[in-house]
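4 protein chains.
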Amino acid sequence: MKDAAGDSRAVLRERFKRARAFSERLCEPLETEDYGLQTVVEASPPKWHLAHVSWFYETFLLRPFLPAYSVFHPRFEHLFNSYYEQTGAGFWPRQERGLLSRPTVAEVYDYRHHVDAAMLRLIEGCDVADWPRVAMRLQIGLNHEQQHQELLVTDIKRHFAHNPLRPAYLKDLPQSPLADPAPLRWEPLEGGLVRLGLDSSGPDAAFGFDNERPRHRVFLEPFAVADRPVTNGEYLEFVQDGGYQNPALWLSDGWAEVQTRRWRCPLYWEEVDGAWQLMTLSGMRPLNPAEPVCHLSYYEADAFATWAGKRLPTEAEWEHAADAVEIAGNFVDDGWLHPRPAPDGAGLKQLFGDVWEWTGSAYLPYPGYRAPAGALGEYNGKFMCNQMVLRGGSCATSLDHIRPTYRNFFYPVERWQFKGFRLAETLK
Amino acid sequence: MKDAAGDSRAVLRERFKRARAFSERLCEPLETEDYGLQTVVEASPPKWHLAHVSWFYETFLLRPFLPAYSVFHPRFEHLFNSYYEQTGAGFWPRQERGLLSRPTVAEVYDYRHHVDAAMLRLIEGCDVADWPRVAMRLQIGLNHEQQHQELLVTDIKRHFAHNPLRPAYLKDLPQSPLADPAPLRWEPLEGGLVRLGLDSSGPDAAFGFDNERPRHRVFLEPFAVADRPVTNGEYLEFVQDGGYQNPALWLSDGWAEVQTRRWRCPLYWEEVDGAWQLMTLSGMRPLNPAEPVCHLSYYEADAFATWAGKRLPTEAEWEHAADAVEIAGNFVDDGWLHPRPAPDGAGLKQLFGDVWEWTGSAYLPYPGYRAPAGALGEYNGKFMCNQMVLRGGSCATSLDHIRPTYRNFFYPVERWQFKGFRLAETLK
Amino acid sequence: MKDAAGDSRAVLRERFKRARAFSERLCEPLETEDYGLQTVVEASPPKWHLAHVSWFYETFLLRPFLPAYSVFHPRFEHLFNSYYEQTGAGFWPRQERGLLSRPTVAEVYDYRHHVDAAMLRLIEGCDVADWPRVAMRLQIGLNHEQQHQELLVTDIKRHFAHNPLRPAYLKDLPQSPLADPAPLRWEPLEGGLVRLGLDSSGPDAAFGFDNERPRHRVFLEPFAVADRPVTNGEYLEFVQDGGYQNPALWLSDGWAEVQTRRWRCPLYWEEVDGAWQLMTLSGMRPLNPAEPVCHLSYYEADAFATWAGKRLPTEAEWEHAADAVEIAGNFVDDGWLHPRPAPDGAGLKQLFGDVWEWTGSAYLPYPGYRAPAGALGEYNGKFMCNQMVLRGGSCATSLDHIRPTYRNFFYPVERWQFKGFRLAETLK
Amino acid sequence: MKDAAGDSRAVLRERFKRARAFSERLCEPLETEDYGLQTVVEASPPKWHLAHVSWFYETFLLRPFLPAYSVFHPRFEHLFNSYYEQTGAGFWPRQERGLLSRPTVAEVYDYRHHVDAAMLRLIEGCDVADWPRVAMRLQIGLNHEQQHQELLVTDIKRHFAHNPLRPAYLKDLPQSPLADPAPLRWEPLEGGLVRLGLDSSGPDAAFGFDNERPRHRVFLEPFAVADRPVTNGEYLEFVQDGGYQNPALWLSDGWAEVQTRRWRCPLYWEEVDGAWQLMTLSGMRPLNPAEPVCHLSYYEADAFATWAGKRLPTEAEWEHAADAVEIAGNFVDDGWLHPRPAPDGAGLKQLFGDVWEWTGSAYLPYPGYRAPAGALGEYNGKFMCNQMVLRGGSCATSLDHIRPTYRNFFYPVERWQFKGFRLAETLK
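Protein sequences appear in the order of chains P, D, X and C. For the first sequence, the positions run 1 to 428 when UniProt numbering is used. For the second sequence, the positions run 1 to 428 when UniProt numbering is used. For the third sequence, the positions run 1 to 428 when UniProt numbering is used. For the fourth sequence, the positions run 1 to 428 when UniProt numbering is used.
Because the hints were derived from the structure by calculation, they are not lab data. Computed from a predicted structure; not experimentally measured. Note that CB positions come from ideal geometry on N, CA and C, so glycine has one too. Treat the hints with care, as some may be off.
Pair by pair, the computed Cβ-Cβ distance ranges are [claimed, not checked]:
#1 P:372 with D:86: 28 to 38 Å
#2 C:199 with X:174: 31 to 41 Å
#3 D:260 with P:21: 37 to 47 Å
#4 C:193 with X:186: 19 to 29 Å
#5 C:171 with D:326: 53 to 63 Å
#6 C:411 with P:271: 37 to 47 Å
#7 X:164 with C:193: 54 to 64 Å
#8 D:260 with C:216: 45 to 55 Å
#9 X:74 with P:177: 46 to 56 Å
#10 X:164 with P:271: 50 to 60 Å
#11 D:309 with P:21: 35 to 45 Å
Stretches of chain C that chain X covers, calculated by requiring three or more beta carbons in the stretch to come under 8 Å of a beta carbon on chain X [unchecked claim]:
#12 136-143
#13 168-176
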């Protein structure tokens with residue numbers, strides 16, 4: 001006779017195995033040499049991701065809950081901690097993650113398999129009394145691995161784009177036919193006093209991160225959002241209209257970045273012999289005007305909106321608009337690894353998948369938010385300053401990772417994720 | 001027979017003369033050598049402030065509205081522009097404002113008097129048709145000069161504190177007797193759907209900056225705020241409890257700054273022979289436990305709140321709490337140039353004056369906000385990213401400059417203003 | 001019937017094959033992951049060295065002299081150029097050599113073998129008219145490859161020492177027994193008008209670099225040199241006497257580096273549980289007092305000499321002292337890859353091999369020096385500023401690479417080569 | 001009856017008074033605001049120079065030798081020490097010398113007069129037993145003050161050139177008529193075994209710095225030197241021939257600086273409306289082709305020489321050539337404060353005065369050199385690394401400060417002194 005926990009264990013065991021396998025599948029196209037690359041500080045080596053997600057299980061599940069667990073290597077606690085100050089082991093400097101040829105790739109896979117075996121023992125054998133806490137941490141661990149799967153995709157793209165040979169991660173990725181963007185339509189919403197965020201956690205609560213909680217009320221004035229993200233074709237008009245040369249369109253900090261970093265177009269765009277191309281995970285391709293524009297900073301999204309006489313939606317507006325929309329779209333599961341043109345038809349499109357959408361909201365705690373105690377409390381709470389919220393997931397996100405309440409966050413200057421944006425406007 | 005504009009002209013003329021005189025009065029205690037100092041990039045030389053506020057009138061009033069106005073010096077358009085990209089003249093790099101011995105102090109005063117005379121001609125003689133725009137820009141110019149008067153005070157303090165001789169700006173400033181802080185009390189507020197910001201501008205509208213508009217609705221959950229700001233005595237407990245050594249209390253970016261900048265206490269605190277002192281505008285003084293703690297970054301305010309199990313109020317909470325409170329307190333007009341202990345009595349105290357209060361809100365546009373067109377539109381709008389809102393004015397602010405809706409904003413790392421904070425908590 | 005050129009071709013062909021094979025042999029102990037490492041800007045990835053030396057033959061021999069030579073890859077001209085401005089292809093930034101996972105290690109070996117085959121065709125088949133120039137450039141190419149073999153050893157050591165796991169390049173390298181240093185003896189020399197440098201080049205001239213020429217006269221006052229380099233044991237006394245805390249011993253620029261870089265001992269020394277160890281190519285080992293001290297900057301060598309009341313020899317003194325000494329010692333050929341204690345016996349010891357010896361001479365042109373024309377002229381001449389001369393070769397140098405006239409040069413701050421020093425003094 | 005010491009005291013007292021007065025005379029044209037400027041780290045504020053030279057007498061003469069001397073201010077020991085590590089008081093950071101508005105200019109003059117009075121008491125009243133040491137240190141102090149007089153001139157020029165108003169230090173300085181340079185002629189010298197440097201010090205020895213000693217022998221091959229320095233007209237040809245765009249002409253470190261600092265011409269040259277001008281101490285002037293080119297780095301001098309197929313003389317060649325030449329020329333005493341065209345006539349011209357001449361010699365100790373003990377030993381010895389030797393003095397040097405053996409030294413990148421160069425070549 002099975003009890004609920006038994007069911008849950010079987011389900012989580014399968015999800016664990018699937019998640020673990022998917023990380024490794026994403027690395028299959030890599031050469032051994034690719035695993036160690038860190039071309040910019042914000043993008044980690046694939047090898048580091050593979051090890052770090054394993055460190056996470058080791059630190060938050062195996063050490064505290066699996067009796068007689070023997071760590072794979074005593075220094076990995078230090079080498080593969082990302083930023084948790086409260087574990088006591090410190091962490092190897094982020095900017096030096098690419099400077100370690102050892103452990104080798106093979107050793108990191110051994111580490112993974114050591115952790116896998118122990119995790120399966122824990123899932124199957126842990127005390128009933130421990131199970132609720134184990135299950136909750138395992139949920140976090142799985143979602144954490146999914147986040148790093150997205151980073152694997154975006155970081156590999158970043159590293160390969162740095163190489164003047166512009167190598168392809170996968171030569172034969174599918175490709176959307178070149179087309180002009182469909183005309184943009186506006187979707188009006190009434191606003192009013194709406195609810196935002198996830199219901200407070202409990203035994204039956206759906207999984208969600210602490211930063212999505214608590215559910216709370218927000219008042220919205222009437223507004224409209226565009227039915228789809230801004231496209232390459234539209235953004236090219238901004239570029240050709242001198243958008244990157246006109247300080248009047250830019251936030252002050254954004255204009256400083258444009259000048260310091262000599263930005264003239266989104267990340268991965270290149271003008272080659274007078275024609276625009278962009279770097280993709282299958283190498284260089286011609287710019288497709290119908291695809292959502294991608295790999296933009298918040299500053300570029302904001303400057304485009306100013307140029308267009310519009311603005312970005314707030315995260316409350318975005319979530320309110322997304323509330324009634326089915327979670328479907330172009331996710332990592334689909335294997336395109338690149339945004340696709342908006343589908344035909346009425347209604348709001350591409351809220352989920354394709355590109356993360358910059359909102360005009362700073363990443364701050366919801367009213368009543370409290371970070372959990374201990375090192376796991378560092379997961380989301382300590383980053384609630386200087387970053388902006390993005391919503392909806394991208395073509396590098398797993399479908400079962402995303403929710404309407406999901407809050408992603410990055411510094412305004414960062415561009416290497418699949419980030420685009422959707423326009424909004426206030427209605428009178 | 002006088003018309004409304006006539007009245008208004010007389011009033012504004014007097015306010016203009018008063019504002020101009022006050023800037024110069026603030027500089028009276030300076031030696032000639034002090035006028036050119038720029039010890040840190042964010043704090044400008046007094047000479048630069050005196051010239052820049054004059055440049056503002058010249059650029060936005062005299063050149064466009066006073067026929068046959070002759071500029072004092074053709075290069076001042078470039079030298080004393082702060083950051084307006086759209087004036088066409090560019091600007092001397094901010095970090096090099098202290099590298100100009102010429103124009104001399106005497107020449108800058110000549111420049112001021114040249115502008116003063118022209119401004120009086122403009123105020124008295126300008127066309128009735130132009131007057132509304134002139135009057136509105138003059139209001140901005142006067143408020144702008146008041147903002148720089150506050151900066152004169154805080155920048156002089158910053159520069160003098162950098163000198164190992166710790167010179168006094170004014171030796172004989174009044175001083176509060178050393179005392180322990182009064183016990184802190186909590187003021188509960190119901191929240192609900194409240195209104196925030198200034199009514200939209202019009203001929204009868206009170207003066208306010210564009211960033212305070214439009215007035216709009218915000219929903220607040222029940223909350224409580226402390227009756228007074230956190231004091232030196234309370235903050236010292238945090239310091240002595242190892243607050244600056246415990247990463248668990250800090251935002252991630254804050255902890256990075258603590259380590260990089262080796263922060264161990266607020267700006268201007270010094271431990272001298274085992275006793276805490278602080279640098280003031282009258283030189284070094286013993287730390288007074290009853291005074292509001294001051295010269296803190298947002299990170300330090302937030303870390304203290306975390307340590308205390310509380311949080312900072314949002315700007316909406318702050319403004320809602322301040323709505324019914326009389327605008328009174330310790331302002332620059334009082335001549336203390338230093339925060340004073342909270343007065344006795346019930347109710348919310350020191351919302352206005354003493355110290356600017358960090359809120360937990362990012363500086364972002366209100367719903368429906370549009371920056372004005374042209375260079376003047378750069379005044380507030382282009383800074384709406386990466387900064388946090390502060391409220392209520394300080395002991396370096398002019399009383400008639402402040403309003404409950406007034407939004408000040410600084411980067412979280414900046415400490416040289418008179419900045420403190422007040423605790424808040426969410427009620428269930 | 002063979003002519004002289006025929007002989008010479010056979011000799012050079014064998015030397016070419018030997019040099020090429022030795023580079024690859026040095027890389028045999030590496031994992032694929034190790035090939036791409038660049039932990040500090042001055043130490044290149046092994047993969048880069050393997051490719052760059054091939055680029056050298058391709059650029060200076062195959063392209064100009066081998067008819068119908070087809071380059072292996074059109075971009076390698078750019079990727080593997082080190083610093084030759086005059087080739088026209090530019091060069092990938094030195095500090096980013098570790099950021100290229102492609103070409104892979106296997107592709108770089110393919111590149112090598114492509115070049116090898118072409119070079120053998122050139123050596124065997126080139127016109128008799130071309131042969132003298134080909135032979136001379138081939139000599140340079142072979143010596144160039146030997147220089148990079150030394151860099152392979154020192155760069156691998158640098159990269160491995162950066163890894164907190166302190167991996168061994170070769171676990172089973174031989175090791176000298178721990179011992180105290182033999183007493184230091186002084187060798188007096190009379191000096192006078194001596195000759196320095198290589199005889200001017202000609203068909204029969206021995207190979208040498210342009211910077212060793214022309215042979216010229218120098219006047220030397222009487223001096224004495226130590227019979228062997230300073231040892232770890234002696235240097236440890238300096239460390240324990242507070243040498244790194246006493247500015248009076250240091251050159252001004254050196255003292256600035258001590259403070260900025262927080263130097264407290266030579267590179268690779270570590271105090272572990274109160275005992276000194278050092279990182280070697282076979283991992284961590286206890287400090288051996290009898291071995292020559294190694295991996296020092298010029299500043300440290302000079303500070304020790306000041307502390308000891310002595311000085312470093314000039315390069316003229318060194319060369320004059322070395323003139324009559326047999327070229328023998330501990331070279332890379334011996335396979336220790338680490339300095340060894342001085343042998344017993346009279347006379348000057350260890351002038352050749354073990355450690356490069358810092359001299360007190362700046363790297364400047366000899367009287368009458370002219371850099372050759374064209375890109376090859378950049379080999380040595382353009383570095384004649386800001387660097388100091390080192391003499392004698394090290395345990396990572398090939399025996400047949402070194403001569404008494406050989407001038408090596410590095411910036412005074414650099415420590416990652418096998419660099420030590422010998423004391424000298426002026427005699428009255 | 002006067003003895004020798006009495007004579008010597010009177011002479012030195014007059015020289016002291018003259019030197020002290022000349023420093024102040026150089027500052028007469030300054031505004032109070034100019035005294036505090038430090039626009040680049042290497043150029044100190046005039047106020048600092050005035051105080052530092054006084055600190056020198058206080059530290060090395062008044063404290064040790066004048067009984068009951070009372071220091072002017074206890075913190076000045078720290079504030080006005082330049083770089084002497086062994087005095088024990090540390091020193092205010094060099095890059096922050098411009099950040100001190102206090103002490104004021106008036107207070108610095110008071111400090112000077114306090115030191116002046118005490119020094120006169122010391123000169124007149126010190127023990128006969130102390131006098132030799134006092135006299136020797138006083139000689140150093142006077143020469144030290146002369147060096148800072150030159151720096152006053154060059155630093156003021158640097159600071160004023162940074163100001164976009166390009167103010168004049170003295171409006172009415174004399175000016176040479178525009179002219180083409182006289183043809184360059186070559187002076188051959190035989191070389192051989194020559195003597196270099198000053199005779200070893202003793203009671204009757206002429207004053208000289210430790211770095212000019214000991215006198216020693218050097219062997220020179222036959223060479224020729226140009227009869228005058230390179231002129232603006234000649235250097236302009238190099239500029240117009242693309243000299244700053246051609247890496248083949250440059251030392252590697254020099255080419256890096258050209259690119260990093262975007263050098264396109266000497267310091268102070270500006271192309272204004274198509275015509276070359278240069279900043280002088282009397283403001284902007286048209287470029288005079290006949291004047292020696294000035295304000296060049298070593299790299300620029302070396303690149304020009306390479307372009308011209310020549311080289312720079314070594315310091316030994318320079319000193320040997322200068323041995324028989326009268327010390328006369330355009331010095332600060334003449335009041336031009338700018339180089340003048342070469343006079344007519346045969347023989348070597350302008351070896352002394354006009355511009356310091358870069359030599360091809362690194363600044364290193366002479367054979368047998370020993371730095372004096374104690375803090376004064378830091379004066380010259382600790383800088384013997386990474387700098388190049390310049391010879392002959394400039395239009396900002398005092399005539400009675402210079403000798404044929406005088407060794408000045410700067411980093412190759414530095415340009416703000418009056419530095420030019422003379423060509424040389426090796427003869428067969």
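How the hints compare with the structure:
For residue 372 (chain P) and residue 86 (chain D), the Cβ-Cβ distance of about 48 Å falls outside the hinted range of 28 to 38 Å, so the restraint is violated. Look at residue 199 (chain C) against residue 174 (chain X): about 55 Å separates their beta carbons, and that is not inside 31 to 41 Å. At roughly 41 Å, the beta carbons of residue 260 (chain D) and residue 21 (chain P) sit within the given window of 37 to 47 Å. In this structure, residue 193 (chain C) and residue 186 (chain X) meet the distance hint of 19 to 29 Å, their C-beta atoms being roughly 27 Å apart.
Residue 171 (chain C) and residue 326 (chain D) have their C-beta atoms about 60 Å apart, which keeps the hinted 53 to 63 Å range intact. Evaluation of the 37 to 47 Å hint for residue 411 (chain C) and residue 271 (chain P) yields a pass: the beta carbon distance comes to about 41 Å. For the hinted restraint 54 to 64 Å between residue 164 (chain X) and residue 193 (chain C), the CB-CB distance of approximately 58 Å keeps it satisfied. Between residue 260 (chain D) and residue 216 (chain C) the beta carbon distance is about 51 Å. The supplied range of 45 to 55 Å therefore holds.
In this structure, residue 74 (chain X) and residue 177 (chain P) break the distance hint of 46 to 56 Å, their C-beta atoms being roughly 31 Å apart. For residue 164 (chain X) and residue 271 (chain P), the hinted distance range of 50 to 60 Å is not satisfied, since their beta carbons lie about 44 Å from each other. Here the CB-CB span from residue 309 (chain D) to residue 21 (chain P) is close to 43 Å, well matched to the stated 35 to 45 Å. Against chain X, the region 136-143 of chain C contributes 0 residues with a C-beta closer than 8 Å to a partner C-beta. That does not satisfy the three-residue criterion, and the hint is violated.
For the region 168-176 of chain C, the assignment as covered by chain X is violated, since 0 residues bring a beta-carbon within under 8 Å of that chain's beta-carbons and 3 are needed.
This entry does not satisfy hints 1, 2, 9, 10, 12 and 13, going by the numbered hints stated previously.
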